[in-house]
Amino acid sequence: MGEVILTMKGIDKSFPGVHALDHVDLEIRKGEVHALMGENGAGKSTLMKVLTGIYSKDEGTITYEGKEVTFSNPREAQAAGVVIVHQELNMMGHLTVAQNIFIGREIMSGGIIDDKKMNEEARKLFDKLNIDIDPTETMSRLTVGKQQMCEIAKAISHDAKVIIFDEPSAALTEAEIEELFKIIRDLREKQLGIVYISHRMDEIKVITDRVTVMRDGGYVGTLITKDCTKDDIINMMVGRVIYEDPKTESTVPKDAPVVLRVEHLNAGKMVKDVSFELHKGEILGFSGLMGAGRTETARALFGADPKESGDVYVNGEKVEIKTPQDAVRCGIGYLSEDRKRFGIVVDKTVAENSTMASLERFMKGIFINKKKEDQVSQEYVEALKTKTPGVDQLVVNLSGGNQQKVVIAKWLVRNCDILIFDEPTRGIDVGAKSEIYHLMNQLVAEGKSIIMISSEMTEILRMSDRIIVMCEGRKTGELGIEEATQERIMHAATLRN
Amino acid sequence: MEKIRNNAVVKKIGFNRLVLCGILLLMYILFAILSPTFLSYSRILSALNYAYFLGFLSLGVTFVIATGGIDFSIGPVMFCAALVSGQLLTKNEWPLIPCLVVSILVGTLFGVINGVLVAYGGLPSFITSMASMMISKGLGSVFTKTQSVSWPQASEANGWYRNLIRLKIGGIQVPTGLVILIVAAIICAIVLNKTRIGRYILCIGSNREAVRLSGVNVKKWEMLAYIICGMLAGVAAIFFVGAYSTVQPGLGDTYNNEAIAGCVMGGTSMSGGLASIGGTLIGVMIIALLQEGILAMGFQKDYQYVLTGVIVLVAVYADIRSRRRRN
Numbered sequence: 000m001g002e003v004i005l006t007m008k009g010i011d012k013s014f015p016g017v018h019a020l021d022h023v024d025l026e027i028r029k030g031e032v033h034a035l036m037g038e039n040g041a042g043k044s045t046l047m048k049v050l051t052g053i054y055s056k057d058e059g060t061i062t063y064e065g066k067e068v069t070f071s072n073p074r075e076a077q078a079a080g081v082v083i084v085h086q087e088l089n090m091m092g093h094l095t096v097a098q099n100i101f102i103g104r105e106i107m108s109g110g111i112i113d114d115k116k117m118n119e120e121a122r123k124l125f126d127k128l129n130i131d132i133d134p135t136e137t138m139s140r141l142t143v144g145k146q147q148m149c150e151i152a153k154a155i156s157h158d159a160k161v162i163i164f165d166e167p168s169a170a171l172t173e174a175e176i177e178e179l180f181k182i183i184r185d186l187r188e189k190q191l192g193i194v195y196i197s198h199r200m201d202e203i204k205v206i207t208d209r210v211t212v213m214r215d216g217g218y219v220g221t222l223i224t225k226d227c228t229k230d231d232i233i234n235m236m237v238g239r240v241i242y243e244d245p246k247t248e249s250t251v252p253k254d255a256p257v258v259l260r261v262e263h264l265n266a267g268k269m270v271k272d273v274s275f276e277l278h279k280g281e282i283l284g285f286s287g288l289m290g291a292g293r294t295e296t297a298r299a300l301f302g303a304d305p306k307e308s309g310d311v312y313v314n315g316e317k318v319e320i321k322t323p324q325d326a327v328r329c330g331i332g333y334l335s336e337d338r339k340r341f342g343i344v345v346d347k348t349v350a351e352n353s354t355m356a357s358l359e360r361f362m363k364g365i366f367i368n369k370k371k372e373d374q375v376s377q378e379y380v381e382a383l384k385t386k387t388p389g390v391d392q393l394v395v396n397l398s399g400g401n402q403q404k405v406v407i408a409k410w411l412v413r414n415c416d417i418l419i420f421d422e423p424t425r426g427i428d429v430g431a432k433s434e435i436y437h438l439m440n441q442l443v444a445e446g447k448s449i450i451m452i453s454s455e456m457t458e459i460l461r462m463s464d465r466i467i468v469m470c471e472g473r474k475t476g477e478l479g480i481e482e483a484t485q486e487r488i489m490h491a492a493t494l495r496n
Numbered sequence: 000m001e002k003i004r005n006n007a008v009v010k011k012i013g014f015n016r017l018v019l020c021g022i023l024l025l026m027y028i029l030f031a032i033l034s035p036t037f038l039s040y041s042r043i044l045s046a047l048n049y050a051y052f053l054g055f056l057s058l059g060v061t062f063v064i065a066t067g068g069i070d071f072s073i074g075p076v077m078f079c080a081a082l083v084s085g086q087l088l089t090k091n092e093w094p095l096i097p098c099l100v101v102s103i104l105v106g107t108l109f110g111v112i113n114g115v116l117v118a119y120g121g122l123p124s125f126i127t128s129m130a131s132m133m134i135s136k137g138l139g140s141v142f143t144k145t146q147s148v149s150w151p152q153a154s155e156a157n158g159w160y161r162n163l164i165r166l167k168i169g170g171i172q173v174p175t176g177l178v179i180l181i182v183a184a185i186i187c188a189i190v191l192n193k194t195r196i197g198r199y200i201l202c203i204g205s206n207r208e209a210v211r212l213s214g215v216n217v218k219k220w221e222m223l224a225y226i227i228c229g230m231l232a233g234v235a236a237i238f239f240v241g242a243y244s245t246v247q248p249g250l251g252d253t254y255n256n257e258a259i260a261g262c263v264m265g266g267t268s269m270s271g272g273l274a275s276i277g278g279t280l281i282g283v284m285i286i287a288l289l290q291e292g293i294l295a296m297g298f299q300k301d302y303q304y305v306l307t308g309v310i311v312l313v314a315v316y317a318d319i320r321s322r323r324r325r326n
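As given, the protein sequences belong to chains C and F, one line each in that order.
According to numbering that gives the first Met the number 0, the stretch in the first sequence is residues 0 to 496, in order.
According to numbering that gives the first Met the number 0, the stretch in the second sequence is residues 0 to 326, in order.
Only chain F is shown next, with the shape it has when bound in the complex (with noise of 0.2 Å):
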């Protein structure tokens, strides 16, 4: 075991998403022997659309939570962004390109709200959050009049931006969205390993008082942590319709706690400083799978909460045993 864990290899990649993968490779399989239809390729494609719009919630609240905060609006503000686009788009006939700006623009709003409340008011991102998921649900409802928002289909006018996520190439069906998401992925770690604002986002979660006595403005980057989950809320609105085309005002909350269970099994520590990207996207892809397999199974949908809480306190509990022993 020490030995496997000290390996160069592992230790760059980390023994911990190691064991996520292989989490992730084992599920697979037993939804497999389970449930004969599970190997389908249709059931992987249904799998990644729940993956992508949850997948960008999950990179941008990775950003929050390796501050030492929380974000418990995104899932609210995803729907709100999609029902406000999507009215103007089909009430309004908007064009498309405009909308999917707006929707972008109305999570990055939302963004700014919170980052600018918790980093320069200084209030609690736990309430500061949770005030905006609220306003953040009513706004949505108010905009269409508790009416829901059905998006184009791909075939009919203004349909392409289903695209995003699945592209028809010579009769197969190519899962685009994987690749912008794996894109986005790696431009989020890049932003985070290789960039001041992810240096000193990671370094305000580990000790906040001593970056801002190095002279760092500690508010503009903690801000900005939160402006930049707010745009990737913005961005996975376009993926979950993309995926579902149509969104009910006045949900989105369950998305949150899957969402920051996806960056938690990942190994971003709650008490801030310490994040991956990489382990995010699996967390992610555990839960997508898991919701799949379930369905698979002929199960509901409640079941799969148990087992991601239940994968949830394992992942943590693993990573805070790892950290101990580092100590």
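So here's chain C without its partners, still in its complex pose (with noise of 0.2 Å):
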């Protein structure tokens, strides 16, 4: 770690009814990795804002490279050297890499855009970061995580001394994690200064130098990242105690009836002859790399998509599933890692939200039964520790964690035995993520079951009873909690064929 670059000293900053930075301090070294860490809502991304002149601080000072400044809006503090990586990526997808890296400047030669000449700096430019990407290559067709290596370049362009990382590898595969650590370590060694922003422990560990650790708006401390273990971090983000120990045995009963059986499901390209069971009262965890067919195969079995063969028993009874409606009438639920998309009508209330799938239960004659809505929504929002002020709030003002409460209320209210849970805890801070843990866990001790696909090996260790694993639509392993381990796993989630 070399000299201090950047420093911000007590900023604080209010919006209407909101504390949102109570005098928050954070110090950035030349050639260190910063992780920023705190619950949603803890006020880290609106610090960063603060820093590249989104929003403007109301107390505070920020002295970088020794002299104080205000950044009023982005392109100031990119012009300065200090830009961000947006977790949602900004690329425009029809045009090729190197017209998006220079998007807003480019290169031009008598008036008419000089395409080659761009190509050649972005070469250069990947060439400096060892990334190895076609810069005429079309922007859409490159995986994800391809696409944050450009988003990287593209901020490395623009002689960058700040980089802030804002949860980047949210939508990357373990694969491409590791390319990412790598630029991120070169950067490191060109005395860059990193601001690393994430929600996964693991990674925090492996990659960054030192931690500063936010709550509710104000700031809890900074710590040597080798120094200190995950549960300290997390102490201080939650102010409690979170265990992430891996289950060691199956809850399961032996003799569990089969409440579902999936034979031979073929969908699309995606879905390639899976076959699996689901035992009465079990978490079925399902692993593998992005893109491995496991949302594919969810949504194939709901009805979502169409399916092209393979038969669905649900209690041993054959089914016959083609929309989402036969699927909720066969009691099964879907949650998707989608949330805003495909779980939640966001300018609707908690209450319109709860009662999606079983509106018909809630009718007085022609008419909503509007006070029974209400009333059985307030129980669920109590059953679940729904942050809200009401059931009548919209739940487009509620934080991810909870949104997805209400997504699973949804389904409870409709009664689901069978629920499939896709990435239920992308996206969602620790605490909550432990009570979704928790809930699920009540969930199958009441007798229902739950597929839960996950790519975060930790939380699949932690909850599943036995694990299925997929790789380019296949089914390639299946594992009881007892002999799982990370590395089956990763074994299995790799065996191409």
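Honestly, the hints are just simulated from the structure, not real lab data.
Incorrect hints may have been included.
Distance condition first, Cα-Cα at most 30 Å in a straight line; then the derived DSS-like pairs of lysine-lysine [said to hold, decoys possible]:
| hint | chain 1 | residue 1 | chain 2 | residue 2 |
| --- | --- | --- | --- | --- |
| 1 | C | LYS317 | F | LYS219 |
| 2 | C | LYS189 | C | LYS115 |
| 3 | C | LYS225 | C | LYS29 |
| 4 | F | LYS167 | C | LYS370 |
| 5 | F | LYS219 | C | LYS339 |
| 6 | F | LYS218 | C | LYS363 |
| 7 | C | LYS386 | F | LYS218 |
| 8 | C | LYS371 | F | LYS300 |
| 9 | F | LYS218 | C | LYS306 |
| 10 | C | LYS384 | C | LYS369 |
| 11 | C | LYS363 | F | LYS219 |
| 12 | C | LYS369 | F | LYS219 |
| 13 | F | LYS219 | C | LYS321 |
| 14 | F | LYS144 | C | LYS321 |
| 15 | F | LYS144 | C | LYS371 |
| 16 | F | LYS193 | C | LYS339 |
| 17 | C | LYS321 | C | LYS306 |
| 18 | C | LYS339 | F | LYS300 |
| 19 | C | LYS229 | C | LYS8 |
| 20 | C | LYS246 | C | LYS204 |
| 21 | C | LYS317 | F | LYS218 |
| 22 | C | LYS268 | F | LYS218 |
| 23 | F | LYS193 | C | LYS363 |
| 24 | F | LYS193 | C | LYS384 |
Covered by chain F, per the in silico footprint, the following chain C stretches (three or more residues, Cβ under 8 Å) [stated by the list, open to error]:
| hint | stretch |
| --- | --- |
| 25 | 328-338 |
| 26 | 350-356 |
| 27 | 363-371 |
Calculated from the model, a selection of chain C residues having no Cβ within reach of chain F, i.e. all distances over 12 Å [what the hints assert, rightly or not]:
| hint | residue |
| --- | --- |
| 28 | PRO73 |
| 29 | ASN89 |
| 30 | LEU94 |
| 31 | ASN129 |
| 32 | VAL205 |
| 33 | ALA303 |
| 34 | VAL344 |
| 35 | ASP346 |
| 36 | GLU359 |
| 37 | MET439 |
Every residue, glycine too, gets a C-beta built ideally from N, C-alpha and C.
Put the two chains together into one complex, using the hints given.
Pasting the structure below:
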């Protein structure tokens, strides 16, 4: 670690009704990777937005390269060398890689965009970073991981001295994360200051030098990463102890009946001859790399996408599932990985979302029985500990974890016995995560059965009774939790045939 | 400003709707100052005549727009319904009641066609309704052999349907149409806000996929929105002839735009998911008043189009602004 390049001191920021930042400090040195951690809503993003000029601060000072600065917009910050790589990629899919990198500052010759020159420059940039991407390739044809690399390259091409990564690994595969880390280490070598925001505890240990923890808009403390344990950081984040120990044995009785049997399911390119069984009271983990076909399997099973062939048996009886309606009628509920697109209706209320799948139960004649609807929704708000001012609150105003609970409530109100949870804790903070784990355990204890698709190894090992591993649309492994290890799962997840 | 906005009563009614009411009132005062005859009772009745049929069209299309779709066929469908039923009444000498039913059925039929094609066939609503606009226009014309149809006057036999919009009680013209329109609007508001149809229509407009993945038969509910819209276009036909008695084939397109404008002015979002029946009603009143005011001042109808266009832009801009602030 070198000298200090950036200091934020006593940063204070309020929005109407919310004290978003309460005198927060942050210090970044040259050649360090500095983790910024905290639950969702802790103020990490707000702090970074203040730094890059998206928000103005109410109080406090920012010192950059020895001088006090105030960036009034992201362009100014960029020009000074402070850039942010956003969680959501801001790429135009139909343009080439080089065109994306030079967007807004195209290299011109004689009033015409010089694509050849831009390709050359982009190639030089990639060489410098040891990234293997063809600048002339169309952006949308790259994997999410490669797109992320382009975003980083674009950030660096601005002559960055401080780079902020906002949850860069959220959509990456293990291999891509490795590649990302290689680049980050490289940047550290080159004496850049790096801020790394992530919810993944394992990554923090691997890649960062120091950790600054925030909680509820306040500064909690800064630690040297190698001197602290995961539990230390988590405790600082939540003020309570959370155990992330793997499950050691299945809690499902040996003679538990099979509630769902899928035989030889085929759907498109991503689901090839998938068969499995789900027992009553079981959490069946679906592991695999991104693009292994797990979500596609779930969607085909649920009737969200058409399937080509395959039989589905619910409680031993063969059922015909062609639409989500059929699936719901069979008692199957599906919690999508993409909450905003497929889970909730954001500009409707908590109550309206909770009863979405079972509205016919809330009718009085032709009218909706609003009183009963509110009452039942309220019951589930309390049971799931959803943080909301009331059931009339619009879902868009809730945090990710609470939105997820509303989707879960929707299926519980419907009283589904088979629940498919697709990445149930994606983009959710640690506290809400452990609540959702707790809830899942409670549900299976009540006799419900859960299929849990997850890309997080720790989650799979912590929650599942049995694990199915997929690779390229095929089932490549099935492990009891007693025999499952990260290595064995990874081995099956990369079994290509 | 913030204070007024956050007042409980204002919030309940909706700030934008209050602003619209203000515009309505202001326009009325302005026209009264500019044109001395504007305050007369007959002018009011005349403005209301325009508001009735437009109101039914606008109420109907509100349901379709709430799903995120659009229906450009309502004007010509209304004319088609009036032509077909009028032809049966005057040339084929059908009794009145069946003719009124036929009018509603014709509208409903086009609603069913639009609904099935959009919801089940997956065609874009823009294209579907544009096609049925042309089809209804042509069919109406064919049915009457390109003759215009004149419905009977109030004094003639079969003329009592005119009492639906205006009833003479003790020498005073009572605008019964207004009562019926308001009752219809209340029913629409109840359907939209208190029943399953309305709930699903609004949710489909917000996030169709999420509703589908909740196991809801989205196609059925989406289709119903178009059917309601078509049915109300059929009702609108009755109120059109009630006010103007003569229907010419090959017209009706301009009323699409005015009905949609009224709806949008009232705060219904073109992207779906948000709709206000009260707002639609006020929007329609503004357009009706505008058209009457322009005529009272001796200008041509074309000026009304210009002003309607400007008001739509202002209303939609204000709506988008207020929504952006909320996010």
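Going down the list of hints, with the structure as the test:
Of the pairs offered as hints, the one joining LYS317 of chain C and LYS219 of chain F holds, with about 26 Å between alpha carbons and a cut-off of 30 Å not exceeded. This hinted pair checks out: LYS189 of chain C and LYS115 of chain C have alpha carbons roughly 28 Å apart, not beyond 30 Å. Our distance criterion of 30 Å between C-alpha atoms is met by LYS225 of chain C and LYS29 of chain C, whose separation comes to about 18 Å. As the CA atoms of LYS167 of chain F and LYS370 of chain C are separated by approximately 44 Å, the hinted pair breaks the 30 Å bound.
Between LYS219 of chain F and LYS339 of chain C the CA atoms are separated by roughly 24 Å; this keeps the pair inside 30 Å, and the hint holds. Between LYS218 of chain F and LYS363 of chain C the CA atoms are separated by roughly 23 Å; this keeps the pair inside 30 Å, and the hint holds. Of the supplied pair hints, the one linking LYS386 of chain C and LYS218 of chain F is violated, its CA atoms being roughly 34 Å apart against a limit of 30 Å. At roughly 52 Å between alpha-carbon atoms, LYS371 of chain C and LYS300 of chain F are farther apart than 30 Å, so this suggested pair is violated.
Between LYS218 of chain F and LYS306 of chain C, the direct Cα distance comes to roughly 20 Å. Compliance with the 30 Å bound is thereby established for this hinted pair. Straight-line distance between C-alpha atoms of LYS384 of chain C and LYS369 of chain C comes to about 22 Å, which keeps the hinted pair within the 30 Å bound. Between LYS363 of chain C and LYS219 of chain F the alpha-carbon distance is near 21 Å, which keeps this suggested pair within the 30 Å criterion. At roughly 23 Å between alpha-carbon atoms, LYS369 of chain C and LYS219 of chain F fall within 30 Å of each other, so this suggested pair holds.
Annotation: proposed proximity of LYS219 of chain F to LYS321 of chain C holds, straight-line Cα distance about 16 Å (limit 30 Å). With a CA separation close to 48 Å, the supplied pair LYS144 of chain F and LYS321 of chain C exceeds the 30 Å bound. Of the pairs offered as hints, the one joining LYS144 of chain F and LYS371 of chain C is violated, with about 57 Å between alpha carbons and a cut-off of 30 Å exceeded. The straight-line distance between the Cα atoms of LYS193 of chain F and LYS339 of chain C is roughly 25 Å, inside the 30 Å bound, and the hint therefore holds.
Annotation: proposed proximity of LYS321 of chain C to LYS306 of chain C holds, straight-line Cα distance about 8 Å (limit 30 Å). For the suggested pair LYS339 of chain C and LYS300 of chain F, the alpha carbons sit about 46 Å apart, so the restraint of at most 30 Å is broken. Distance hint between LYS229 of chain C and LYS8 of chain C is fulfilled; the C-alpha atoms sit about 26 Å from each other, no more than 30 Å. This hinted pair checks out: LYS246 of chain C and LYS204 of chain C have alpha carbons roughly 22 Å apart, not beyond 30 Å.
Between LYS317 of chain C and LYS218 of chain F, the direct Cα distance comes to roughly 26 Å. Compliance with the 30 Å bound is thereby established for this hinted pair. For the hint linking LYS268 of chain C to LYS218 of chain F, the alpha-carbon distance of about 27 Å falls within 30 Å, and the restraint holds. Note on LYS193 of chain F and LYS363 of chain C: the hinted pairing holds, with a Cα-Cα distance of about 10 Å set against a maximum of 30 Å. Taken as a hint, the LYS193 of chain F and LYS384 of chain C pair is honoured in the structure, with Cα atoms around 28 Å apart against an allowance of 30 Å.
Check result for the stretch 328-338 of chain C against chain F: holds, 3 residues qualifying (beta carbon to beta carbon below 8 Å, three or more required). Figure legend: the stretch 350-356 of chain C, annotated as covered by chain F; annotation consistent (3 residues with Cβ-Cβ distances under 8 Å, at least 3 required). Against chain F, the stretch 363-371 of chain C contributes 4 residues with a C-beta closer than 8 Å to a partner C-beta. That satisfies the three-residue criterion, and the hint holds. PRO73 of chain C, annotated as away from the interface, keeps every beta carbon of chain F farther than 12 Å; the closest lies near 19 Å.
No Cβ of chain F approaches the Cβ of ASN89 of chain C within 12 Å, the least distance being about 19 Å, so the stated non-interface status holds. The Cβ of LEU94 of chain C sits about 26 Å from the closest Cβ of chain F, beyond the 12 Å cut-off, so the non-interface label holds. The beta carbon of ASN129 of chain C sits about 40 Å from the closest Cβ of chain F, which is more than 12 Å, so the claim that it is off the interface holds. Every Cβ of chain F is farther than 12 Å from the Cβ of VAL205 of chain C; the closest lies at roughly 36 Å, confirming the non-interface assignment.
Consistency note on ALA303 of chain C: stated as away from chain F, yet its beta-carbon is not over 12 Å from all of that chain's, at 6 Å minimum. Taking the minimum C-beta to C-beta distance to chain F, about 4 Å, the non-interface status of VAL344 of chain C is violated against the 12 Å cut. At roughly 5 Å, the least C-beta separation between ASP346 of chain C and chain F is not larger than 12 Å, which violates its mark as non-interface. A beta-carbon of chain F is positioned within 12 Å of the beta-carbon of GLU359 of chain C; the least distance is around 7 Å.
Separation of MET439 of chain C from chain F is adequate, the least Cβ-Cβ distance of about 20 Å exceeding the 12 Å criterion.
Of the numbered hints given earlier, the model fails hints 4, 7, 8, 14, 15, 18, 33, 34, 35 and 36; all others are met.
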